[in-house]
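K.L.:
The lines below spell out each chain.
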Amino acid sequence: MAIIKSIDKRRVIPNWRDFKSTINNGELQCQQNKLYKIPNSDKLLQEKIDDFIKTPALGIAADLLSTAYILDIYENLVIEKAIDLIQENQNISSTSLIDLSKKVHSKDEPIKDQIHESDSLLTTSKHDYIENIRKQIALYKNRLRLLPINPVGWVELSRLYSLLGQPKQSENAIKIALALDPNNRFIIRSAARLLIHNDKADEAYYYIRRAEILKYDPWLLSTEIATSCILERRPKFIKESIGLIESKNLSDFSLTELTSALGTLEFYDGSNKKAKAFFKKSMISPNDNSLAQLEWISNEDKSFQINPNQYNIRNPQEAFALNCFENSKWKQVLQYSESWLKDIPYSTRPVLLGSFVAETFLNDYDKAIELCKRGLIANPNDVITKNNLICSYAQVGCLDEAIQLLEKLKPGIALLPDEQKIVLQATSGLVLFRMGEIENGRELYLTAYQNAKKANYNYLKNMAILHLAKEEINAKTDNIENIFNLVQKETTESPDNDVQELFKIVEDSYKKNRKSD
Amino acid sequence: MERLNAAHSLSGLVLNEKWKVLKEIESYPGATGGFFSVCYEVQNLETGLIAFLKALNFEAFFQMFPGKNIVEILYEQTQAYKYERDILLLCKTKRLSKVATILDEGEAYLSSFTIPNVPFLIFELAEMDVRNKLSFAKDLDNAWKLQSLHDIAAGLRQLHSVKISHQDLKPSNVLLYHDSTISKIGDLGRSLCESIHAPHDNGSFPGDFRYAPPELLYRYYIEDANIRKYATDCYLFGSLIVFYFIGLNMTSLLAKNINKDFKWTKWHGAYKEVQSYVLEAFELAINEFKSQIENETLQEELGRMVEYLCFPIPEKRGHPRTILLRGSSFNLERFITRLDYLSKKAKYKLI
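Protein sequences, first through last, are from chains R and W. So the mapping is simple: the numbering used here equals the position in the first sequence, first residue as 1, plus 27. So the mapping is simple: the numbering used here equals the position in the second sequence, first residue as 1, plus 17.
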């Protein structure tokens with residue numbers, strides 16, 4: 028039985044992307060977003076213009092161009108002439124100079140990537156993907172050998188290690204970055220994401236709390252609120268956070284995660300009215316995280332309405348995937364899960380969602396296997412990803428692989444949380460069914476069902492019985508009627524749309540089976 | 018109608034009984050920032066030596082600061098002149114061979130003008146500033162560039178040895194002499210000296226923001242005056258190395274490699290908050306600089322020099338071995354030795 032959920036409550040934990048993508052997302056901008064003009068800029072530029080008019084030599088053209096770029100003043104015909112001179116003399120110009128002349132010409136051309144991750148995640152093979160990350164690690168290690176004081180480089184290295192599922196190396200690197208610059212938003216938010224991912228929320232909280240700028244930085248305040256909630260503590264800076272929001276000194280975008288975090292806090296505290304007010308503010312200028320947060324909340328409580336398609340933001344994959352899931356648009360869910368995984372490759376959530384949908388609703392077992400395998404690179408010990416992989420293996424008849432994986436999981440099962448134990452019981456039932464051991468398989472499925480029922484895990488209970496029914500029908504056993512009756516009894520009241528949709532599939536198979544009999 | 022100042026009327030006069038003023042010229046190498054001065058070509062009547070005269074331009078001061086109190090302007094002008102003259106005389110006395118010092122100085126008196134006195138300084142005639150000489154193709158003129166940089170580093174060290182920090186080292190202040198075989202540092206007008214009080218010594222950066230190190234562009238104030246002054250000189254020299262080889266100074270190279278959100282014209286926060294991003298851009302800038310030097314030895318050596326000299330954290334600027342020793346972290350000795358070694362190797366084509 029493949030399942031989707033790895034978290035109960037979504038919190039506004041920062042998404043950790045590479046430095047360049049984080050900049051492009053706008054999360055690192057200075058709060059006050061206005062231009063600063065260097066004193067006497069126009070006169071300083073005019074001097075260089077006069078120099079060039081007097082002596083139009085390459086060196087003077089270069090000097091003029093540099094000046095224009097430093098001062099951020101480009102509108103001048105003489106500058107154009109200097110650019111022409113540089114471009115006409117490319118044989119005696121440096122590449123940097125030619126580049127700069129093009130840049131000044133087109134003003135805001137983005138910085139050329141020096142290092143970038145693979146553009147395509149699932150279109151490259153697993154081997155190539157890993158090799159590419161290893162190459163980047165080597166590159167960063169080399170860069171850091173030459174300039175070990177560069178904290179951003181350490182964060183990038185940490186992230187790359189996390190993509191390969193090497194938490195120790197990843198944490199070491201991020202701690203160096205934190206030691207070099209304990210007050211940097213990018214570093215603290217990256218560290219928080221990593222440490223929470225590695226179940227070290229208390230350590231994450233320590234680094235957030237230590238930052239001198241915490242009280243003034245909405246992006247850190249939102250992280251503090253989210254981390255406190257994970258630790259089941261009351262956030263310490265709610266008053267300051269509300270003060271920042273009310274000060275009206277910050278842009279709506281700067282406040283989007285903070286208002287979203289406060290909204291989430293109110294929502295889980297049961298104050299829907301306050302939550303709605305905060306979420307409304309967070310949606311004035313949302314980012315991927317705040318949009319996904321409201322989408323998540325709207326799935327938990329239908330009185331929170333949102334249409335993520337109406338927002339034009341970067342990386343909306345998570346919100347879109349969740350929204351499509353709620354609307355049973357399975358193909359789109361898979362598509363968005365893939366791009367979500369590409370964006371956040373260390374996360375298990377897109378892997379679980381994508382593989383669940385691929386296996387359960389699209390019968391695309393190969394895709395589910397591929398997704399799980401990709402997910403296991405960053406999270407090699409994730410039980411639920413392994414569970415989903417076992418299910419897909421069993422579905423395509425790769426029973427040896429499924430059994431092997433299951434055997435590896437066995438020794439640790441006793442230590443797992445109850446929910447995961449139930450899931451693995453059901454999955455073991457599936458494998459046994461596929462091995463032809465129908466009685467044993469049924470017993471395990473029913474044990475999972477009973478355990479879930481006892482512990483009040485309605486979703487798991489429904490899924491266990493639905494999957495059992497699927498297997499009974501598939502194996503054309505004598506027990507189909509009994510199990511289908513149980514399915515009807517248990518699942519018709521379910522609020523989960525995936526349970527309802529799976530019921531339809533099972534019902535359809537049941538009817539077909541009856542006809543053929 | 019009488020003109021306000023006499024600075025434009027010196028042609029034909031004989032000054033200090035030995036300098037004949039030949040003609041007014043628009044500007045001259047080392048006389049950039051010419052708002053403050055009027056330039057002339059002059060000839061020594063005894064030796065026939067052609068030299069360059071810089072006369073104070075009062076009118077420019079009125080243009081530069083419209084609405085400013087006249088008493089203040091005159092005070093500032095005379096102080097500025099006095100400072101430059103004193104500092105140049107100090108350099109002359111100390112025989113700083115790599116600094117463009119004065120040959121003579123004095124004051125002309127033109128009685129028919131409202132302000133008849135024209136203070137002047139006479140300099141050795143430079144052929145040009147270095148911008149006219151440079152081209153930036155890979156590995157072109159390496160031997161010459163290294164020699165010239167060696168001269169400038171030596172000049173800077175000479176200045177530092179008499180407790181002067183230049184503060185305005187830039188390509189237009191690198192003057193070439195004797196068929197461009199000798200390079201000297203010109204224009205000490207914005208320098209700071211420990212023994213002579215400069216009128217512009219108010220704790221802020223007196224130099225040219227077009228070349229300023231990043232911490233100044235981000236409005237970061239260094240409390241320690243020594244670090245503030247000498248770290249800036251270090252940066253300006255490193256930036257000059259970059260300019261010699263790729264035509265961009267380090268500041269524009271940094272600007273090119275930093276995201277526009279973090280550029281000094283957009284960043285309103287503290288320098289400390291943006292420092293990590295500047296460091297990242299600095300690393301990219303160093304790599305970009307190195308990638309354009311074909312010769313592997315030079316690539317490594319110059320890359321390292323620029324990294325030490327232009328490091329974005331001013332307190333950590335300078336040669337790491339020098340930083341570990343007692344004395345100034347900004348001592349240029351190690352760079353001079355290395356540039357000397359490299360220029361000789363390049364000259365004999367050994368690299």
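Hints in this document: simulated from the structure, not taken from any laboratory. Source: prediction; values computed, not measured. It is possible that part of the hints are untrue.
Label pairs and their in silico Cβ distance ranges [unchecked claim]:
no., chain 1, residue 1, chain 2, residue 2, range
1, R, THR150, W, ILE340, 22 to 30 Å
2, W, LYS40, R, LEU166, 53 to 61 Å
3, W, LYS277, R, ASN483, 35 to 43 Å
4, W, GLU350, R, HIS132, 36 to 44 Å
5, R, LYS263, W, ARG338, 57 to 65 Å
6, R, ASP111, W, TYR358, 35 to 43 Å
Don't be surprised by glycine CBs; every beta carbon is placed ideally from N, CA and C.
K.L.:
Does each hint hold? Answer for all of them.
P.N.:
Outcome of the hint check:
1. THR150/R with ILE340/W: 22 to 30 Å: violated (49 Å)
2. LYS40/W with LEU166/R: 53 to 61 Å: holds (59 Å)
3. LYS277/W with ASN483/R: 35 to 43 Å: violated (54 Å)
4. GLU350/W with HIS132/R: 36 to 44 Å: At 42 Å between Cβs, range holds.
5. LYS263/R with ARG338/W: 57 to 65 Å: violated (46 Å)
6. ASP111/R with TYR358/W: 35 to 43 Å: Check passed, 39 Å falls within 35 to 43 Å.
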